[in-house]
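Visitor: Residues per chain are reported as follows:
There are 2 protein chains.
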Amino acid sequence: MSMERKTTLPPEAKRVFKGEIFEVYQWPQALYDGSVATFEKLKRADTVMVIPVTEDGTILLAHEEQPGKPLTLGFVSGRIEEGEDPVQAARRELLEETGYQGEADPFLISEEQPFSKMDWNVYLFLVRKCKKVAEQSLDPGERINLRKVTFDELVELVVQGHMSYSSFSDRILRAKLEPQKMRELYELIYSS
Amino acid sequence: MSMERKTTLPPEAKRVFKGEIFEVYQWPQALYDGSVATFEKLKRADTVMVIPVTEDGTILLAHEEQPGKPLTLGFVSGRIEEGEDPVQAARRELLEETGYQGEADPFLISEEQPFSKMDWNVYLFLVRKCKKVAEQSLDPGERINLRKVTFDELVELVVQGHMSYSSFSDRILRAKLEPQKMRELYELIYSS
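Line order of the protein sequences matches chains W and X.
Each residue of the first sequence is one higher than the last, beginning at 44 in the numbering used here.
Each residue of the second sequence is one higher than the last, beginning at 44 in the numbering used here.
So that you can see chain W by itself, here it is in the shape it has in the complex (with noise of 0.2 Å):
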C-alpha cells in the first residue's frame, strides 16, 4: 500500500526545536486584521494503532503500563519508525506486543489527526485471521498484558468508560444509539 503521509504544517513553517518525541515548529501567520503573529505546531512520529482478531473471532487488547503513566487498557499501538510505511509499523507493532501475525494483510479502518496543534497521524488497522507465532517482545519501557475479548464485550468496555479514548471508541458509542450502526460494526470487523 502507498499512502501519501498528510501534513497540516504550512510550507513556510520552520524547525525551531527537536527533541525525544516532539518537534517545534513556528511560522508568520496573517490575522483576521492584517497583523501578523508567529504560529507554532508540534509534530511527532504517526502513530499506529491494532484491531487484531483471531479466527475464532476473539479480539486482543492491550492493557499497557508505562513508566510514570496509569495503567490503560486500548488498543495495540505504537510509533512509525524512520523508513516503514504504516503499514509494516502495524505489523511489527502487532508481533511485537502480542506475538501474532495476521493472514490476512492489515485492513485501514481509519487515518486522522486527533490534536489540531500536532503534525501527527494516527493510523487506525484492523488485522483479520491472526495466530500466535511468537511471544511478545517488548521495549524496556512497556509492560503490556494482553486481554481477549468479545465483540460484545469489547462494547461493553468502551460502554463502561474502561477503554482508553479513541477515535474507534467514540465510534462504537456512538453505535450503541443507532443498531443500524452497531451491524456495520460488526460486519467491518468480521466480514472479510
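Honestly, the hints are just simulated from the structure, not real lab data.
Just so it is clear, the structure is predicted and the values come from calculations on it, not from any experiment.
Be aware that one or more of the hints could be misleading.
Copies of one chain are not kept apart here, so a pair can be met inside one copy or by any two copies together.
Said to hold, decoys possible - Each computed DSS-like pair below joins lysine-lysine, with the alpha-carbon atoms no more than 30 Å apart:
| # | residue 1 | residue 2 |
| --- | --- | --- |
| 1 | K172 | K191 |
| 2 | K160 | K49 |
| 3 | K160 | K191 |
| 4 | K224 | K61 |
| 5 | K61 | K112 |
| 6 | K175 | K49 |
| 7 | K175 | K57 |
| 8 | K219 | K172 |
| 9 | K112 | K160 |
| 10 | K49 | K224 |
Given the structure of chain W, go ahead and fit chain X onto it with the hints provided.
Guide: For chain X alone, kept in the frame of chain W given last:
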C-alpha cells in the same frame, strides 16, 4: 476559589525549550529493565472552557474560526493568562467571546489533563444567569459567532457529531444511553 494547579511533570524535569505556546521538559527515567532513558513532556498554558446559560435557559455555543483551522462548534474557551486564576479567566473569556456576564459565580464542573504527554489542565465551568452586558471583544486571530441552543438541541448536536470533542460532549453521549444520567446532566445545568 483557590485551586492548586495540578502538574504531572516530575520534580526533576528540566525545561529544554520555550516557544510561543509550548514548552518542552525532559528528565531521566528508569525503565523496567533498570536502564535509563530521556523522557519528554510538553507544557502549555492551562485552558478554561465555559458553558454559559442565560436566565431563560438558553445555552450559548461558540462557532469559531481561526487562521488555518476548520470552523468548529464548541464551548467558549481560552487560555488562562499569567497571574489569573481559572475563575477569573472563565469570567474574562466569557465576556470577551460573548459579551455576556453571569450573575452567578462560575461553577467548576470538571478539571482534566486531556493529553498524557502534556502538562495541561482544562477547567470546565458552568456560568448560570448570564446577561448580555457588552459587545464581543475578540483577538485579531479569532472569529466567533454565537449559537443559542436549548438543552435538547445541544444533546442532538453532540449525537450528530457536530460538536468539537470534549470530555463534556463525551459525557452527553454517554448520558444519551442512560436516562438517569441525562436527568443528572439536566439538573447540573439548570438547578441552582
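Visitor: Under the constraints set out in the numbered hints, which ones does this structure not fulfil?
Guide: 4, 6 and 7
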